[in-house]
Each structure stands twice: as C-alpha cells, then as structure tokens.
Amino acid sequence: MLITALQGHAGDLSLFNEISLENSADISQTGSDLSAYVSQTGGNTATVDQNGHQHQSRLIQNGHGNQADILQYGTAQQADITQLGWENLAIVAQYGTGNIVTIDQNGISNTAIVEQLGEYNFAAIAQYGIGNHAEVSQHGTTNTVSVSQYGAGMYVSIQQWD
47 MLITALQGHA
57 GDLSLFNEIS
67 LENSADISQT
77 GSDLSAYVSQ
87 TGGNTATVDQ
97 NGHQHQSRLI
107 QNGHGNQADI
117 LQYGTAQQAD
127 ITQLGWENLA
137 IVAQYGTGNI
147 VTIDQNGISN
157 TAIVEQLGEY
167 NFAAIAQYGI
177 GNHAEVSQHG
187 TTNTVSVSQY
197 GAGMYVSIQQ
207 WD
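In terms of our numbering, the sequence shown opens at residue 47 and continues consecutively.
Hints listed in this document are in silico derivations from the structure and should not be mistaken for laboratory results.
Among the hints, a few may not be true.
Claimed, not checked - What follows is a list of derived Cβ distance ranges for each label pair: (1) Y141 x D79: 16 to 22 angstroms; (2) H185 x S78: 36 to 42 angstroms; (3) G199 x D79: 36 to 42 angstroms; (4) Y141 x Y174: 39 to 45 angstroms; (5) I176 x I204: 20 to 26 angstroms; (6) I176 x T76: 23 to 29 angstroms; (7) H110 x Q205: 29 to 35 angstroms; (8) H110 x T188: 18 to 24 angstroms.
Bear in mind the structure is a predicted one, so any value in this text is a computation, not a measurement.
From the three backbone atoms N, C-alpha and C, an ideal C-beta is built for every residue, glycine too.
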C-alpha cells in the first residue's frame with residue numbers, strides 16, 4: 047500500500063499510522079509551520095519532503111527492513127526518527143538554519159546518516175545492537191553532534207565544517 051500526501055499551506059499536519067507489512071508513506075509539504083507524523087510496523091518505508099519554515103517530522107518504525115528518509119529545506123527544522131527492529135536505515139538531510147536531528151535506533155544492522163547545510167546545526171544519534179554505523183556531516187557555524195553507540199561492529203564518521 048502506498049500513501050501519498052501533498053500539502054501546500056501554513057499549519058499543515060500529515061498523520062499516518064500503518065500497522066500492516068510492506069507499506070510506503072510519502073509526504074511532501076510546502077509552506078510554514080509544517081508537521082509530519084508517521085508510525086509504521088513491519089518492513090515499511092517513509093519519505094518526508096518539507097520546504098518552508100518551521101518544519102517538524104516524527105517517524106516511528108518498528109519491525110524488520112524499515113527505511114526512513116527526511117529532506118527539509120528552510121529554517122527552524124526538526125527531524126526525529128525512532129526505529130526498532132532489524133536492518134533499519136535512517137537518512138536526514140537538512141538545508142537552512144536552525145536544524146535539529148535526533149535519531150534513536152535499536153536492533154540489528156542499523157545505519158543513520160545525517161547531512162546538515164546551514165547554521166545552528168545539532169545532530170544526536172544513539173544506536174544500540176549489532177553492526178550499527180552512524181555518519182554525520184555538518185557545514186556552517188555553531189555545529190554540535192552527539193553520537194552514542196552500544197554493541198558490536200560500530201563505525202562512526204563525523205565531519206564538521208566552518
């Protein structure tokens with residue numbers, strides 16, 4: 047099942063709660079004060095594309111083979127991804143100022159990749175389990191990053207530019 051939402055106004059909210067297996071959620075929002083919330087269980091993919099001011103994305107995935115992608119353009123952006131299960135992948139790219147990313151992964155073979163271009167960036171990644179890998183790249187001023195990894199086979203690559 048593929049669910050797609052296209053929104054282009056101020057104060058938009060997209061809310062998806064998918065329980066069955068192998069679902070896809072695709073959210074595209076343009077404007078200000080945008081929010082996207084996706085909760086999925088079992089082998090799902092979620093993609094959020096937000097353009098404007100004051101974005102908020104919250105993705106929760108539980109189960110095997112889930113993938114979460116968030117792309118945000120503009121100012122005052124927040125992306126939050128929680129993944130439980132196996133073989134999860136989380137990718138967040140933010141372009142603008144006031145960027146905040148938090149990713150929490152729990153399971154086997156998790157990967158988290160964050161790219162932030164702009165000013166006032168913050169990224170926090172916490173990974174638990176086996177075969178986890180985190181990668182953060184920040185450009186601009188006032189960069190902060192916090193990565194915590196527990197388990198075996200972990201790898202981290204952090205680059206900050208000013």
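Hint-by-hint comparison with the structure:
Distance hint for Y141 and D79: a CB-CB separation of about 18 angstroms, consistent with the stated range 16 to 22 angstroms. Range check, H185 to S78: Cβ separation about 24 angstroms, and the 36 to 42 angstroms hint is violated. Look at G199 against D79: about 41 angstroms separates their beta carbons, and that is inside 36 to 42 angstroms. Between Y141 and Y174 the beta carbons are some 29 angstroms apart, a value that contradicts the proposed interval 39 to 45 angstroms.
The hinted range of 20 to 26 angstroms is satisfied by I176 and I204, whose Cβ atoms lie roughly 21 angstroms apart. Between I176 and T76, the C-beta spacing of about 39 angstroms breaks the proposed range 23 to 29 angstroms. For the pair H110 and Q205, the beta carbons lie near 31 angstroms from each other, so the given range of 29 to 35 angstroms is met. The hinted range of 18 to 24 angstroms is not satisfied by H110 and T188, whose Cβ atoms lie roughly 38 angstroms apart.
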